[in-house]
Amino acid sequence: MTNTSQPQGNTLTLEQAFEHGVNLYQHQKKEEAREVFEQILQKAPNAVPVLQVLAVLDVEQGCWQEALRKLDAALDIEPGEGSLLFDKAQVLAQQGLNKDALEIVDSLLAVAPEHQELLTMRQQLTAAIGNVGESRRTAKYHAKVRSQTANAIDAEVGETLTLAEQMLASGNKEQAKQLYQAVVSVAGEQPKALLGLAKLQLGEENFALARQTLRRAFDAEQSDTEFFILLSHSEIKLGEYKAARDVCRQGLKHWPDNALLCRLLVQSYEKESNWLEAYRVALESIRLHSQDADLRYRLATASFNLLRSRHNFTATAILDCQKHIEQAAAIASDENKQRLSLYLAEIFWYKGEALASKQLLEAHMSRFPDDIEAGFNACFVYRTLEEWDNYYRTNELGLACGRRLRYQGALPQWNLDRPKDDIVLVMPEQGVGDEILYFHNLRLVLDNCKKVYVACDPRLEPILRRAFPEAIIVPIKRIDHQDIDVPKEVMDNITSWVAGGSLAAMCYQQFGRHVYQAGYVNLNTDVKGIWQNCLDAIRSENPNKPLIGLCWRSGLAAATRNMHYLIADEVAHLVKQFPDALFINLQYGDCTKELNKIEKLSGVRVVQLNGLDLRDDFEGTAAVIQGLDTVITAGTAVHRMTTAVGTPCHVFFAGKEDSDFSAPQALYCDNEFGYFYPPMMENKYPLIEAMAAHIKARF
2 MTNTSQPQGN TLTLEQAFEH GVNLYQHQKK EEAREVFEQI LQKAPNAVPV LQVLAVLDVE
62 QGCWQEALRK LDAALDIEPG EGSLLFDKAQ VLAQQGLNKD ALEIVDSLLA VAPEHQELLT
122 MRQQLTAAIG NVGESRRTAK YHAKVRSQTA NAIDAEVGET LTLAEQMLAS GNKEQAKQLY
182 QAVVSVAGEQ PKALLGLAKL QLGEENFALA RQTLRRAFDA EQSDTEFFIL LSHSEIKLGE
242 YKAARDVCRQ GLKHWPDNAL LCRLLVQSYE KESNWLEAYR VALESIRLHS QDADLRYRLA
302 TASFNLLRSR HNFTATAILD CQKHIEQAAA IASDENKQRL SLYLAEIFWY KGEALASKQL
362 LEAHMSRFPD DIEAGFNACF VYRTLEEWDN YYRTNELGLA CGRRLRYQGA LPQWNLDRPK
422 DDIVLVMPEQ GVGDEILYFH NLRLVLDNCK KVYVACDPRL EPILRRAFPE AIIVPIKRID
482 HQDIDVPKEV MDNITSWVAG GSLAAMCYQQ FGRHVYQAGY VNLNTDVKGI WQNCLDAIRS
542 ENPNKPLIGL CWRSGLAAAT RNMHYLIADE VAHLVKQFPD ALFINLQYGD CTKELNKIEK
602 LSGVRVVQLN GLDLRDDFEG TAAVIQGLDT VITAGTAVHR MTTAVGTPCH VFFAGKEDSD
662 FSAPQALYCD NEFGYFYPPM MENKYPLIEA MAAHIKARF
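Count along the sequence shown from 1, add 1, and you get the number used in the working numbering.
Any given hint might turn out to be false.
Here are the in silico distance ranges between beta carbons for each label pair [to be verified]:
1) ARG394 to ILE531: 41 to 51 Å
2) ASP258 to LEU412: 57 to 67 Å
3) ASP220 to ILE332: 34 to 44 Å
4) ASP493 to LEU417: 20 to 30 Å
5) GLU273 to LYS421: 43 to 53 Å
6) ILE539 to GLU273: 47 to 57 Å
7) PRO476 to GLN360: 42 to 52 Å
8) ALA698 to ARG606: 19 to 29 Å
9) LYS594 to ALA519: 28 to 38 Å
10) LYS338 to ARG606: 52 to 62 Å
Calculated lysine-lysine pairs in the DSS-like style (CA-CA distance at most 25 Å, straight line) [to be verified]:
11) LYS174 to LYS141
12) LYS594 to LYS577
13) LYS238 to LYS200
14) LYS421 to LYS451
These are calculated hints, taken from the structure and not from any lab test.
Glycine included, C-beta positions come from ideal geometry on N, C-alpha and C.
Start from the sequences and build out the full structure, keeping to the hints where you can.
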């Protein structure tokens with residue numbers, strides 16, 4: 002037989018043709034389906050399934066007699082066939098021939114007395130012919146049958162679920178899964194079966210399927226806690242953190258004291274690194290679950306990361322974080338206690354308790370010598386303690402863990418033992434201020450190899466080209482948390498590479514000092530002339546007044562109040578110490594409100610130089626700094642640029658708890674003085690006054 006709905010030449014068997022007709026019917030192509038079935042009937046006039054399907058099509062078109070004729074023809078071939086008789090009874094009922102239909106239904110019920118569709122039809126037919134009593138009796142019997150059937154199914158489901166749990170307990174997960182699936186196929190959306198199935202899927206880390214399974218039976222008003230917990234867990238694993246929070250909050254409406262839902266809610270924020278909300282929710286949850294070790298750990302973690310990410314280094318914030326860490330450690334698991342000890346080591350360092358920090362870090366490293374990230378953290382403590390050999394050793398670990406530099410090349414790393422004909426790439430790392438510091442040691446490379454490529458922040462390119470004309474400058478704009486993208490033509494030409502921050506270690510090991518060359522900036526004559534003229538004009542209007550550059554914080558707005566920096570009130574006190582000086586603003590970023598407040602509190606106006614882009618024009622900034630008498634600054638890029646230019650620089654740092662700010666330390670470069678003070682010192686006025694006295698004495 003040839004199917005007219007398919008390309009000619011595709012000969013089908015009768016079975017294939019029948020399947021094709023059914024497919025057409027299911028896709029609502031009923032006329033095409035009828036044509037296929039009628040062609041089959043021509044070839045096989047005794048095909049009962051075809052007669053039955055055509056009868057259905059006749060009924061849909063209202064051709065009752067045609068439908069009955071086909072059903073009778075089929076019954077002649079297969080007398081007493083139940084499905085044919087059932088269809089005939091339905092056709093008779095639709096025509097209003099209820100008694101004839103009832104006669105067929107009763108004959109079928111004699112064989113299958115608990116057939117629910119037949120009982121439903123008998124109830125309807127007896128009511129239609131006016132036999133109300135019989136209709137009610139049938140309805141009552143039908144209800145009894147339904148109840149018995151449901152009870153039988155429930156009993157079977159219960160037995161199957163029990164068996165599935167036994168299989169699960171004995172480790173037969175695949176058998177358990179099959180039993181759960183069997184229950185779902187028989188009993189529909191059975192919550193316990195779906196829950197068991199979802200647990201197995203979670204165990205297989207099939208989180209998408211587990212979520213889909215849980216959603217089939219999830220009801221925000223009726224489901225038990227396990228559904229909320231597992232569904233929230235699945236959403237978190239899939240990165241759907243908002244959906245996870247919605248589920249948690251729905252669950253907490255029913256069970257406000259459920260600790261696990263509280264943990265998951267905190268975790269959903271942790272995964273987004275939203276430490277502020279993680280801290281807020283964890284702190285709120287702790288009020289209900291003060292002895293919950295996991296929540297205590299999460300609160301400590303959120304507090305610690307909030308401190309770091311917001312640069313919120315105030316004495317209050319640091320002490321608050323320390324309290325959360327110590328409370329968590331008191332009830333933490335061994336693993337979490339070890340992690341908390343690293344948090345505490347960093348907190349001790351912030352506080353200036355460098356020896357206590359060192360003790361914790363070295364204890365950790367003795368237990369976990371392969372934890373290179375913890376080893377790198379120790380370098381900051383060693384630097385504070387001026388243990389330089391340890392500092393430079395552990396600082397190199399920052400390359401291995403990716404904290405200093407997002408680059409791992411196949412070429413060897415350069416050092417002073419490498420061949421003199423090496424072609425070296427100097428890689429940038431961390432911030433632009435760090436780069437300026439590293440370039441004090443660039444001459445060390447230039448003097449010991451054939452050719453040097455220097456990758457740098459694009460803003461430093463003009464300065465470096467003039468400072469080191471023999472180097473090939475490669476400006477690279479870096480993106481946080483992404484590998485450095487070095488041009489292919491550079492990578493194809495080099496024989497080794499070195500991280501800029503590693504040069505100081507070579508210099509220290511070779512010469513016993515930290516920088517190979519002090520001031521190295523060689524300014525463009527035109528740029529220098531423009532800003533020198535600007536400063537000369539200011540000097541002529543303010544004769545005999547020294548010009549002091551001023552920078553009091555980093556460019557991070559969140560770092561305005563920070564133990565490492567000054568706030569506007571403190572800057573106002575600073576400028577008041579120099580009634581015979583003029584201050585030039587070197588604070589990059591938006592600081593208009595702070596400058597206005599400084600002027601209001603001190604009566605001193607810090608001069609803003611028109612046309613100077615302190616954030617992006619490093620050459621212009623360097624030219625201004627070179628024309629000043631001195632610079633007072635926090636430990637920022639301004640500090641590094643001042644020392645690279647050679648202008649006297651007075652920089653204040655949070656140091657150790659016993660730091661003496663009244664005795665400034667000579668630092669790495671000429672005319673570079675460091676004022677170290679206890680980090681937890683709340684009142685910085687004595688620091689400011691000591692700095693002012695030392696600076697004025699040098700004038």
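Restraint status (C-alpha distance of LYS421 to LYS451 at most 25 Å): holds (6 Å)
C-beta pair GLU273, LYS421: status relative to the range 43 to 53 Å that was hinted: holds (51 Å)
Satisfaction of the hinted span 52 to 62 Å by the C-beta atoms belonging to LYS338 and ARG606: holds (54 Å)
Pairwise beta carbon distance, ASP220 to ILE332, judged against the given window 34 to 44 Å: Hint holds: Cβ distance 36 Å, inside 34 to 44 Å.
Status of the given 47 to 57 Å range, CB of GLU273 versus CB of ILE539: At 49 Å between Cβs, range holds.
Status of the given 57 to 67 Å range, CB of LEU412 versus CB of ASP258: holds (59 Å)
Hint consistency between LYS238 and LYS200 [alpha-carbon to alpha-carbon, up to 25 Å]: holds (14 Å)
Outcome of range test on Cβ distance (LYS594, ALA519; 28 to 38 Å): This hint holds: roughly 37 Å between Cβ atoms.
Distance restraint evaluation - ARG394, ILE531, Cβ atoms, bounds 41 to 51 Å: holds (45 Å)
LYS594 paired with LYS577 [C-alpha distance capped at 25 Å]: This hinted pair holds, its Cα atoms lying about 18 Å apart.
ALA698 paired with ARG606, Cβ distance criterion 19 to 29 Å: Given range 19 to 29 Å: holds, Cβ gap about 25 Å.
Distance restraint hint 20 to 30 Å, applied to the beta-carbon atoms of ASP493 and LEU417: holds (25 Å)
When each numbered hint is compared with the structure, a violation occurs for hint 11 only.
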